[in-house]
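Build out the structure end to end from the sequences listed, making use of the hints.
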Amino acid sequence: MDLTTSGIIFWIFGWSVVIGLVSFCFYKILTNKRGNKLEKNLN
Amino acid sequence: MSQDNSSREQWGSRIGLILAVAGNAIGLGNFLRFPVQAAQNGGGAFMIPYFVAFLLLGIPLMWIEWGIGRYGGKFKHGSAPGMFDVLWNHKLSKYLGATGLFISLTIMIYYTYIESWTLGYSIFSIFKMYFVETPNFENMKGFLHSYQGIQQGNGFDSIATAYVIMLVTFFINFFVLYKGISAGIEKLAKVAMPLLFIFAVILVVRVFTLGTPDPSKPEYSVWNGFAFIWNPDFSKLNDPKIWLAAAGQIFFTLSVGMGTIHAYASYLKPKDDIALSGLSTAATNEFAEVVLGGSIAIPVAVAFFGVATTQEVAQGGAFNLGFVSMPIIFQKLPLGEVFGFLWFLLLFFAGITSSVAMGQPIIAFLEDEFGFSRKKATIILAAFVLICVQFVVFFLEFGFLDEMDYWAGTFGLVVFALIETILFMWVFGADKAFAEINSGGDIKIPVIFKYIMKYVTPTILLIIMIWWLINDAIPTLMMKGVPDEKIPYILGARFMMLLILGLILFMIHLAWKNKQISKVEA
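Residue numbers (the working numbering), protein chains in the order written: chain A, 1 to 43; chain B, 44 to 565.
There's no promise every hint is true.
Taking lysine-lysine pairs in the DSBU-like style, the calculated list, with each CA pair at most 35 Å apart, reads [to be verified]:
1) B:419 with A:37
2) B:487 with A:28
3) B:230 with A:28
4) B:260 with A:37
5) B:222 with B:529
6) B:419 with B:233
7) B:134 with B:562
8) B:312 with B:184
9) A:28 with B:562
10) B:222 with A:37
11) B:117 with B:475
12) A:33 with B:134
13) A:33 with B:375
14) B:312 with A:37
Worth flagging that the hints you see were computed from the coordinates, not collected in a lab.
Encoded structure:
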C-alpha cells in the first residue's frame with residue numbers, strides 16, 4: 001500500500017484545516033485586548 | 044435566585060481555562076480511537092464526514108455546553124440539575140440534569156482505573172519490566188492480563204501492583220480536585236497539557252524518522268502506515284455507517300454530552316468570552332487528534348507489523364493497540380524504554396486531565412446545592428468512587444467495565460446531548476441561547492450556527508441515538524451473545540448504575556426540598 005497522490009492531498013487537507021483553525025483561534029486570543037485575561041482581571 | 048457569581052471559585056487565566064477544557068476533551072481516544080476509526084472507515088475520505096460532523100455537531104455542541112455552563116454559573120449552579128432548572132422553569136427539569144451527573148460520575152469510576160494502567164505502563168517501560176527476548180502479541184497480552192489480575196505468571200502473580208497504582212492515581216485525582224479550580228485543575232492543565240504536546244511531538248518526530256525498520260520487508264514502512272490512514276476510499280462515503288462513525292468519533296473526542304464542560308464554564312463571569320474559548324478548545328483537541336494522534340500508533344504499527352496485522356490489531360480495539368502492540372514496538376526500537384515511557388505518560392496526562400473534569404460536576408453539585416465545603420465534597424466523592432471501583436477492578440474480566448462504558452460512556456452521552464440541545468435551543472429559546480453564547484464574545488459567531496444548533500445538531504443526535512438504539516442498545520440490553528458466566532456480572536453492573544442514578548435523583552429531590560424549606564423560613 002503506497003501513499004497515493006489523493007492520500008497526500010487528504011493528509012495535507014486534514015492537517016491544514018486543523019492547524020489553520022488552531023492558529024486562527026490563538027492568534028485571535030493573543031491579539032485582542034482581552035488577551036490571556038478573564039473578566040475579573042480586566043478592570 | 045442570585046445572579047452574583049462572585050463567591051464561587053474562578054479561573055486564573057484564559058489560557059489556563061482553555062487548556063483545562065481541552066485537557067478534558069483530549070483523552071486516550073485521541074491517540075488510540077481516532078487512527079483506528081480513520082483507517083477502518085475510508086482512510087482520507089473519512090476526513091470528509093469527520094469535518095462535516097465537527098462543523099455541524101462538535102462545534103455547536105461545544106458552544107451549547109459553554110453557554111449553558113456560563114449561564115448556570117450566573118445562578119451559582121455548577122452542575123446540570125441546577126442549570127437545567129434555570130433554563131426551564133419546570134419541576135421536571137432538574138431531574139433531567141441527573142443524566143449529566145450520572146454520566147460523569149459513572150465514567151469517572153472506570154476511567155480512573157484505565158488511566159492508572161497508563162501510569163503503571165510508563166513505569167514498566169522505563170524499568171523495561173515488560174521487555175522479553177522475543178516480544179509478541181501472546182506474551183504482551185499475557186503481561187497485560189497478569190497485571191489486570193485476569194491470569195497469573197506472565198509478569199505479575201496478583202492484582203496487587205495494579206491495585207496500588209490505581210490507588211496512587213486516585214490520590215492524584217482527588218488531590219487535584221481538592222485543591223480546586225484555579226489551584227488544582229488549572230495548574231494541572233498548565234503542566235500536563237504542554238508536556239503532553241511535547242511528548243507527542245517527540246514521538247511523532249521519531250515515527251517520521253523510522254522509515255523501513257526491517258529492510259528485508261520494504262512494505263513494512265511508516266509511509267505505508269500513513270497511506271493506511273490517509274489514502275481515501277471514496278466508495279465508503281456512500282455507506283451511512285461511515286458518516287455515523289465520524290459523528291460518533293467527533294462526539295467522543297470532544298467529550299461533549301458528559302456535563303463536564305458545563306461545570307468548567309460555570310466558573311466564568313457573565314462577560315467572559317465563550318465563543319472564541321469554546322472554538323479554541325475544540326481546535327486544540329482536533330490538533331491533538333488529527334495531527335498528533337493520527338501520526339503515532341497506526342503508522343508505527345504498520346512499520347513493524349505490516350498492513351494486514353495492523354488491521355487485525357485495529358479490529359481488536361484501542362486497548363489492543365495501546366497496551367499490547369505498542370509495548371512490542373518499544374522493545375524493537377533503540378531507546379524503546381524511553382519512548383514507551385513518553386507514550387504511556389502522555390496517555391496518563393491525557394487521562395488525568397479528563398478524569399478530574401469528570402469529578403468536578405459532582406463536587407460542584409455538592410458545593411452549590413448542599414452548601415458543602417470543597418473538602419467535604421471531595422471526600423464524599425472519593426469515598427463513593429473508591430467503593431464502586433472495586434467491582435470494576437475485580438470483575439474486569441466479566442465485562443463489568445464494558446457494560447458501564449456502553450450505557451454511560453457511549454449511549455448516555457447522546458441522550459444527554461440531545462436533552463441539553465432541546466432544552467437550550469428550543470425550551471430556553473434559540474434567540475436567547477444564541478445571544479447568551481455570543482455575549483462577551485471575542486468573535487462573532489455566524490448567524491447560520493443558530494439554525495444549525497436549533498435544527499441540524501439535534502437532528503443528527505436523534506439519528507445517532509435511533510441508529511445506536513436499534514443496532515447496539517437493544518442487543519446489548521438483551522445481552523445477545525453474552526456467555527452465561529458473565530450474565531450475573533453484567534446484571535450487577537446494571538444494578539450499580541441504577542443505584543447511582545437513583546441516588547442522584549434522590550439527592551436532587553433533597554437539595555431542592557431543602558432550598559424550599561430555607562426559602563419559607565426566610
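Right, here's what the structure says about each hint:
1. B:419 with A:37: 31 Å, holds
2. B:487 with A:28: 12 Å, holds
3. B:230 with A:28: 23 Å, holds
4. B:260 with A:37: 54 Å, violated
5. B:222 with B:529: 40 Å, violated
6. B:419 with B:233: Roughly 26 Å separates the two Cα atoms, so the pair holds.
7. B:134 with B:562: 16 Å, holds
8. B:312 with B:184: 49 Å, violated
9. A:28 with B:562: 45 Å, violated
10. B:222 with A:37: 22 Å, holds
11. B:117 with B:475: 15 Å, holds
12. A:33 with B:134: 42 Å, violated
13. A:33 with B:375: 51 Å, violated
14. B:312 with A:37: 12 Å, holds
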